[in-house]
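Asks: Take the sequences, apply the hints, and build the full model.
One line per chain: the protein sequences are W and Y, in this order. Read left to right, the first sequence gives residues 201 to 599 (the working numbering). Read left to right, the second sequence gives residues 201 to 599 (the working numbering).
It should be emphasised that the hints constitute simulated quantities derived from the structure, not laboratory data. Just so you know, these numbers come straight off a predicted model, no measurement behind them.
Which copy is meant is left open, so a pair is good if it fits within one copy or across any two.
Below, computed lysine-lysine pairings styled on DSSO-like, alpha-carbon distance capped at 27 Å:
1. K261 x K548
2. K548 x K286
3. K548 x K351
There are 2 protein chains.
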Amino acid sequence: MQHGDIVLTYPNFSFDIKHCDSKTQARIGELKTPHGTIETPNYIFCGTKASVKNVSPCQLKEARTDIILANTYHLMLQPGADLIEKMGGLHKFMNWNGPMLTDSGGFQVFSLGEGTMANEIKGKSNKGYDNKSLLSISEEGCVFKSYFDGKTIKLTPEYAMEIQRKLGADLLMQFDECTPYHVDKEYTARSMEMSIRWGDRSLAEFKRHDNGAQAVYGIVQGGVYSDLRQYSAEYTKDRPFFGTAIGGCLGGSDQEMYDVVASSTPHIHPSRPVHFLGIGQIKDVFRFVRLGIDTFDCVIPTRLARHGTAFMKGVRGETINLKNAKYREDNTPLDESLDIPASRDFSKAYIHHLLKANELLATQILAQHNIATMNKLMREVREAIKSGTLDSLEREWLV
Amino acid sequence: MQHGDIVLTYPNFSFDIKHCDSKTQARIGELKTPHGTIETPNYIFCGTKASVKNVSPCQLKEARTDIILANTYHLMLQPGADLIEKMGGLHKFMNWNGPMLTDSGGFQVFSLGEGTMANEIKGKSNKGYDNKSLLSISEEGCVFKSYFDGKTIKLTPEYAMEIQRKLGADLLMQFDECTPYHVDKEYTARSMEMSIRWGDRSLAEFKRHDNGAQAVYGIVQGGVYSDLRQYSAEYTKDRPFFGTAIGGCLGGSDQEMYDVVASSTPHIHPSRPVHFLGIGQIKDVFRFVRLGIDTFDCVIPTRLARHGTAFMKGVRGETINLKNAKYREDNTPLDESLDIPASRDFSKAYIHHLLKANELLATQILAQHNIATMNKLMREVREAIKSGTLDSLEREWLV
Numbered sequence: 201m202q203h204g205d206i207v208l209t210y211p212n213f214s215f216d217i218k219h220c221d222s223k224t225q226a227r228i229g230e231l232k233t234p235h236g237t238i239e240t241p242n243y244i245f246c247g248t249k250a251s252v253k254n255v256s257p258c259q260l261k262e263a264r265t266d267i268i269l270a271n272t273y274h275l276m277l278q279p280g281a282d283l284i285e286k287m288g289g290l291h292k293f294m295n296w297n298g299p300m301l302t303d304s305g306g307f308q309v310f311s312l313g314e315g316t317m318a319n320e321i322k323g324k325s326n327k328g329y330d331n332k333s334l335l336s337i338s339e340e341g342c343v344f345k346s347y348f349d350g351k352t353i354k355l356t357p358e359y360a361m362e363i364q365r366k367l368g369a370d371l372l373m374q375f376d377e378c379t380p381y382h383v384d385k386e387y388t389a390r391s392m393e394m395s396i397r398w399g400d401r402s403l404a405e406f407k408r409h410d411n412g413a414q415a416v417y418g419i420v421q422g423g424v425y426s427d428l429r430q431y432s433a434e435y436t437k438d439r440p441f442f443g444t445a446i447g448g449c450l451g452g453s454d455q456e457m458y459d460v461v462a463s464s465t466p467h468i469h470p471s472r473p474v475h476f477l478g479i480g481q482i483k484d485v486f487r488f489v490r491l492g493i494d495t496f497d498c499v500i501p502t503r504l505a506r507h508g509t510a511f512m513k514g515v516r517g518e519t520i521n522l523k524n525a526k527y528r529e530d531n532t533p534l535d536e537s538l539d540i541p542a543s544r545d546f547s548k549a550y551i552h553h554l555l556k557a558n559e560l561l562a563t564q565i566l567a568q569h570n571i572a573t574m575n576k577l578m579r580e581v582r583e584a585i586k587s588g589t590l591d592s593l594e595r596e597w598l599v
Numbered sequence: 201m202q203h204g205d206i207v208l209t210y211p212n213f214s215f216d217i218k219h220c221d222s223k224t225q226a227r228i229g230e231l232k233t234p235h236g237t238i239e240t241p242n243y244i245f246c247g248t249k250a251s252v253k254n255v256s257p258c259q260l261k262e263a264r265t266d267i268i269l270a271n272t273y274h275l276m277l278q279p280g281a282d283l284i285e286k287m288g289g290l291h292k293f294m295n296w297n298g299p300m301l302t303d304s305g306g307f308q309v310f311s312l313g314e315g316t317m318a319n320e321i322k323g324k325s326n327k328g329y330d331n332k333s334l335l336s337i338s339e340e341g342c343v344f345k346s347y348f349d350g351k352t353i354k355l356t357p358e359y360a361m362e363i364q365r366k367l368g369a370d371l372l373m374q375f376d377e378c379t380p381y382h383v384d385k386e387y388t389a390r391s392m393e394m395s396i397r398w399g400d401r402s403l404a405e406f407k408r409h410d411n412g413a414q415a416v417y418g419i420v421q422g423g424v425y426s427d428l429r430q431y432s433a434e435y436t437k438d439r440p441f442f443g444t445a446i447g448g449c450l451g452g453s454d455q456e457m458y459d460v461v462a463s464s465t466p467h468i469h470p471s472r473p474v475h476f477l478g479i480g481q482i483k484d485v486f487r488f489v490r491l492g493i494d495t496f497d498c499v500i501p502t503r504l505a506r507h508g509t510a511f512m513k514g515v516r517g518e519t520i521n522l523k524n525a526k527y528r529e530d531n532t533p534l535d536e537s538l539d540i541p542a543s544r545d546f547s548k549a550y551i552h553h554l555l556k557a558n559e560l561l562a563t564q565i566l567a568q569h570n571i572a573t574m575n576k577l578m579r580e581v582r583e584a585i586k587s588g589t590l591d592s593l594e595r596e597w598l599v
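Replies: Take a look at the structure:
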C-alpha cells in the first residue's frame with residue numbers, strides 16, 4: 201500500500217477512549233468537536249435536508265440529542281452549499297449549535313438517486329445500479345441528474361469536500377463509491393481501489409482549506425469480501441483521517457452484516473472514532489458496540505414515526521405500531537420515564553386517533569419519542585459498558 | 201316570540217365586562233370557565249380533530265394561547281364521542297387543560313361535508329347545497345354520509361348536545377342549520393325558524409344532563425337579511441343561553457359581512473359573551489371588536505402555515521409567503537419580539553428552504569408563529585381598548 205504524505209493534526213478535535221469492556225471491543229469514548237464534546241457510543245440523528253423531519257432543534261435537545269447529521273447530496277441540490285455558506289453555515293442555518301456530521305454525497309448518488317437506501321445497503325435489492333439518475337462513473341468522479349431540477353451535476357472528491365467545507369459541519373466524510381449488493385468481487389475490488397484514490401484526493405482537497413474547524417473520516421469499503429474490507433481498513437488506518445467509517449454494502453443477512461463489520465474493525469485505527477454509516481436499529485446498537493463501533497446513524501427513528509411506529513424498550517421486535525386497533529382505548533403513555541411531553545403526556549389511544557385522522561401532530565410526537573428512546577438506549581448502553589452489564593441490558597431491551 | 205321556560209344558571213361560568221370603549225362597542229371582558237378564566241377579546245384556535253394541526257399543547261402554551269376549540273362533526277366520525285368520553289373527555293384526551301369550545305357539528309354537515317368552509321360562509325360559492333354527503337334535512341334533524349367510513353348518520357339537536365356533553369368542552373353550541381349563500385329570503389326565514397326550534401330542543405337536552413361543567417351558546421342565523429338577523433338575535437336573548445354566537449352566511453363582501461354583524465349585535469344579550477364563528481383575519485378582528493365581538497375562531501392561522509404563509513404585524517395584506525423567492529437569502533427571523541423559537545430562531549431563508557424541500561418542520565414553525573402572532577394581536581387589541589387607542593393600533597397592524 202502506498203503511503204500518503206499528507207499531514208493533518210485536527211487541533212480542535214480529539215477522541216479519548218476512557219474505558220474498554222473486558223469481554224468485547226465495546227468502549228467508552230469522548231469525542232471533542234468545536235461545537236461540543238459527546239460521549240460515545242452515541243447515535244447521530246438524520247437531518248437530511250437540514251431538518252430532522254418535524255422535530256425542531258428545541259425538541260431535539262429536550263430529547264437529549266447530542267449530535268445530528270445532514271446529507272450533502274440533498275443540500276447541494278437544494279438550497280445549495282453556497283447559500284448555506286452565505287447564511288453562516290449549517291449550524292446557524294438550521295439553528296443546531298451542537299456537533300454535526302455531513303456525509304460526502306456519494307452514498308445517495310451511487311446507490312439510490314432519491315429512494316430507499318436501506319434496502320440497498322442491507323442487500324435487499326439485487327439489481328445492481330438500478331438508479332436512473334446516475335449517468336456515469338469514472339476515475340474523475342460521477343455524473344448524475346438532480347432529482348430536484350433535472351440538472352446534470354458532476355460530483356468529484358474535490359467537489360464533495362468543497363461542498364462539505366461550505367456546509368461547515370464538524371465531521372466530514374471522504375468521497376467514495378458505494379457499490380450495490382450482488383456486484384462481483386472484481387468490480388468491488390476495482391471500486392474499492394478507486395475509493396482509496398478518491399480518499400487521497402479528498403484528503404488533499406481538505407488539507408488545502410483546512411482551518412481547524414472540521415475533521416474528516418475515511419470510509420472502509422470492500423463489499424461483503426473480508427480480504428477487500430481488510431485492505432480498505434488498512435488504507436484508512438494509514439492515512440491522516442480523524443475517524444473511520446464503515447460504509448458500503450453489508451450483505452443480505454444479519455450474520456453477513458456482522459461478518460463484514462467483524463472483518464473490518466480489527467484492521468482500522470484503534471484509537472480513532474468509528475462510525476457505522478446508515479445502521480441503527482436497537483439490535484444493531486447492541487451487536488456493533490461490541491465490535492467497537494462508536495457512533496451510529498439511521499433515518500429510522502423519524503421514518504418509522506411517519507408510519508406510526510414507536511421504538512420501545514422491552515417489546516418484541518423493538519417497536520409497536522400505534523395504528524394497530526389494540527391501541528384504540530389504551531390510556532397509557534408511550535414512556536413516562538423519558539420525561540418529555542411526547543412520551544409522557546399523550547395516551548396511545550390519542551396517538552392512534554391522530555394517525556387515523558392523518559394529523560401531523562402524530563409524526564411530531566412519535567419522532568420526538570423515538571429520538572428520546574434512542575438517546576436513552578445510548579445512555580444505558582454507555583452505563584452498561586462502564587459497569588460490564590451489556591448482556592443484561594440487552595435482555596432488558598430486546599425481549 | 202314564544203318564551204322558553206327553561207332555567208339555566210351556569211354556576212361555574214361567568215362573563216364580566218370590565219371596560220367599554222367610549223367610541224365603539226368594543227369591550228374588555230373576563231370569561232370564566234371550569235378550566236380557567238380568559239380575558240376577551242380573544243382568539244380561539246381550531247383543534248379540529250382534537251389537534252391544532254402540527255402544534256402540540258406545549259407549543260400552544262409557549263405561543264401564549266388561552267383557548268382552543270374542537271369540531272363535533274369530525275370527532276363524532278373519528279374516534280367517536282363515546283371513546284373520548286371513555287378516555288376522560290377532550291381536555292384529557294388531547295392534553296389541553298385550558299378553556300375549550302366545541303361547535304354543534306351543524307356547520308360542517310350543512311355547508312361542507314369535508315371541504316372548504318371559508319368560501320361558503322363568506323359567500324364565495326353560489327351553488328347552494330353543493331354537498332354530496334348531506335342526504336336530507338327535516339324538522340327532526342339531518343342525515344348525512346360520513347366522509348370517514350361512508351356510514352349514514354342522523355344528527356339531531358339532541359344528539360349534537362349528547363355528543364358535546366361526552367366530548368366535555370367548556371363552551372358548547374346549540375344545533376342550527378347553517379344556510380348557504382344565495383338561498384332566498386323565504387328559505388332563510390324558514391330555516392332560521394327551524395334553528396330556533398332546534399335551539400330550544402338543544403337547551404332542553406342540555407338541561408337534562410346539566411351538571412355545571414358546561415355552558416351553551418345560542419346562534420344567530422338569518423343569512424344576509426337584517427330583519428331575520430334581528431329576529432334570531434332577539435330569540436337568543438330571550439333564552440337561557442350562556443353566550444351568543446354569530447353564525448351562518450355573512451354575505452359576499454366585507455361590507456355585507458359588516459352589515460350582517462351590525463344588524464345582529466344591537467339585538468343580542470348585552471352582557472353575554474359574543475362569539476363570531478369561523479372568522480378571524482387581522483382586519484376582521486379590528487372591525488368586529490368594535491361591534492362588540494368578544495371571541496373569534498378561524499382555521500387560517502394553521503391553514504396558512506401549511507401553505508407557507510406567515511401572519512405579520514405591519515405588512516401589506518397581513519401576511520407574507522415564505523415560498524416567495526425574495527426570502528431565499530433573507531437572514532432575518534419572523535418576529536423576534538414574540539420570544540418563541542419558531543419566530544425568533546429561524547431565518548426566513550431557512551423556512552423558505554424547508555418549504556422548497558417539503559420539510560414538515562416548516563408547517564410546525566409557521567403554525568406556531570401564526571398562533572403566537574394572533575395572540576400578540578389580541579393582547580395588543582385588549583390594551584388598546586383599555587387605553588382608547590384602537591385606531592392607532594390598527595394602523596400599526598394593517599398598513
